[in-house]
Amino acid sequence: MKQYRLRPGRLIAKTVLALAGFLAVFPLLWTALNALKNNVDIITRVPKVVFTPTLANISYILGRDSVLTGLCNSAVACGAAVLIGIVLGLPAAYAVARYPNRFAGDIQFFVLSLRFLPPVAVAIPLMVIWLQVGLYDSLPALIVTYSLLTISVIMWLAIPAFQGVPKEIEEAAFVDGYGAYSVFWRIALPVAARSLIGAIAFSFVLVWNEFLIALMLSSSNAKTLPIVASELSQQGMNVPWGILNASVVLLSLPPLLFLGVLSGFLNSVFRQKKS
Amino acid sequence: MRRRSSLPVTFLVPTLAILLVLSMVPTLYAVVIALQSRELSTTGYSWVWFSNFADLFADRRFLNAVWVSVKWEIVTVVATMVAAIGLGVLMFEVAGPRLRNFYCLLFIIPVLLPRVSAAFVWKFAYHPLYGIATYPYRLLTGGLIFDPLSKPGTALFAVASVDVWQWGLFFAVIVLKLLETLPPQPIEAARLDHARRWQIHAYVTLPMLKAPLISLMFVKMIESLRSFDLIYVMTRGGPGVATETLDMYAFSQGFIESGKVSYASAMAVLMMIATVITFTMLWKRVQA
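Top to bottom, those sequences are chains E and B.
Position 271, counted from 1, in the first sequence is what the UniProt record's numbering calls 271; the numbers after and before it change by one each time, with no gaps.
Position 73, counted from 1, in the second sequence is what the UniProt record's numbering calls 73; the numbers after and before it change by one each time, with no gaps.
The hints are simulated quantities; they were obtained by calculation from the structure and are not laboratory data.
Careful, some of the hints might be misleading.
Unchecked claim - With a cut-off of at most 30 angstroms between alpha-carbon atoms, the simulated DSSO-like pairs for lysine-lysine come out as follows:
| no. | chain 1 | residue 1 | chain 2 | residue 2 |
| --- | --- | --- | --- | --- |
| 1 | B | K210 | E | K14 |
| 2 | B | K284 | B | K151 |
| 3 | B | K284 | B | K71 |
| 4 | B | K284 | E | K167 |
| 5 | B | K210 | B | K284 |
| 6 | B | K71 | B | K151 |
| 7 | E | K48 | E | K14 |
| 8 | E | K48 | B | K210 |
Quick caveat: nothing in here was measured; it's all calculated off a predicted structure.
The task is simple: from the sequences and hints, build the whole structure.
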């Protein structure tokens, strides 16, 4: 009897969920669809679902020098910053996780507090500094600035990942005569690898998506893809909707490649908490 | 054996030194610039000490920006948490394991998008004539025009909806994972006492998750400070100054309208002081 009474509630709940799921992906799918349309098919009062697809927008985007430079700049700046984040962040996280000292709490708070800093407050002085040094609008300036982001984020996420490695394995390695450094290299890194890859992917998505700092630190040479994409829309009233949609799709693809890695990372974080 | 190793020093000191330099140099320099009278167009400057700050408090557009920022912070944080808890509980109640995994995957997608992409996607969707999100309204009213992004009353909420679309759905996944970590016994006990489903969540599960939910809110408060990309792409602070948050105003003072770098920096310094103090206090309370 009770089961029976609950049914309408469950039905409503399922509908709400389905609606939310639809809302999560539909706008993006619609954008992808628009990227395949001619302008006439986009500018219609009644949305068109049936149309003759065209690859003109996509080939136009991929043929533009500014887009390709932006893509290259984004790849180099994000790749280098993430690499620096790995080299400096992972060892530091391991030291905090495994060699407790009285500053451990303060170090963690310091790393987190870097995230409180308003991006404008960092970008304005850095712009003046890079102008004075002569590195304004160059990739090295962008890489150094992004490193602050990647090091702190990777460190913050890697500390719990290293703490999740069973202590017994490391102790056993010490007993077998491993030194402290080889325990890090040969035991802690491989065992924690899954979570660490999640942390690294997260930091990559973060800098790939970054906008304000890139906007302030570049004027022509070092523009990243988000900046190039945002400029495409500022071409007066005659907005090339199809091209714009295609550039949004191009910009969104790299972070979406990490969807699997990141959702796996999320699962592993919460499985650790459970046990 | 662990104790005598040089590892903590060699692993920690270089990283922390670099982090300190990279963060302290710009923040201290921001304060220095704020006390000067630098402009983008000229190289000369003088020390004006606190006059930039005095000007700020007489600037009505600045006070408006403070108010808009506070509104933005409250609207996005509250809406995100409500959406996250609501959807998280619904998934926990009516979805089986496979359906849960499917929804989790869908709900993570928006947050992975670059803010610039998300802003564009919704800027098209909100287009009064051709947008997909305004289409139902056109259909129902027989072609009336509704332009949420250019009305002062709705612009902020329209932009905030994109933020909630990204973060609310993502946090719903986290709320679900948190619910899944709870032990089943208290829920069973409440069920035996004939508690209704919503009562179980309101009085048993959500109170048990109070600490992680507060941490989650804290994270959202920090992320909400980064509203610039959304607002820059969708409204540029308009219509008028209806969506002009502090970072947007600082940017337009420093780079678009007048090139008053020092004035912009003074604003940034005030923001920095306010956020560091607020979040340090909140963090200590969360940890305690």
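The hints, checked one at a time:
1. Between the alpha carbons of K210 (chain B) and K14 (chain E) the distance comes to roughly 26 angstroms, so the proposed pair stays at or under 30 angstroms and holds.
2. The hinted pair formed by K284 (chain B) and K151 (chain B) fails the criterion: a straight-line CA distance of about 40 angstroms is larger than 30 angstroms.
3. A distance of roughly 24 angstroms separates the Cα atoms of K284 (chain B) and K71 (chain B); the hinted pair therefore holds under the 30 angstroms criterion.
4. Note on K284 (chain B) and K167 (chain E): the hinted pairing holds, with a Cα-Cα distance of about 29 angstroms set against a maximum of 30 angstroms.
5. A threshold of 30 angstroms between alpha carbons decides the hint, and for K210 (chain B) with K284 (chain B) the separation of about 16 angstroms falls inside it, so the pair holds.
6. Taking the CA atoms of K71 (chain B) and K151 (chain B), the gap is about 16 angstroms. The hint holds against a cut of 30 angstroms.
7. The suggested pairing of K48 (chain E) with K14 (chain E) holds, with an alpha-carbon distance near 29 angstroms, which does not exceed 30 angstroms.
8. For the hint linking K48 (chain E) to K210 (chain B), the alpha-carbon distance of about 47 angstroms lies beyond 30 angstroms, and the restraint is violated.
Hints 2 and 8, counting from the list given before, are not met by this structure.
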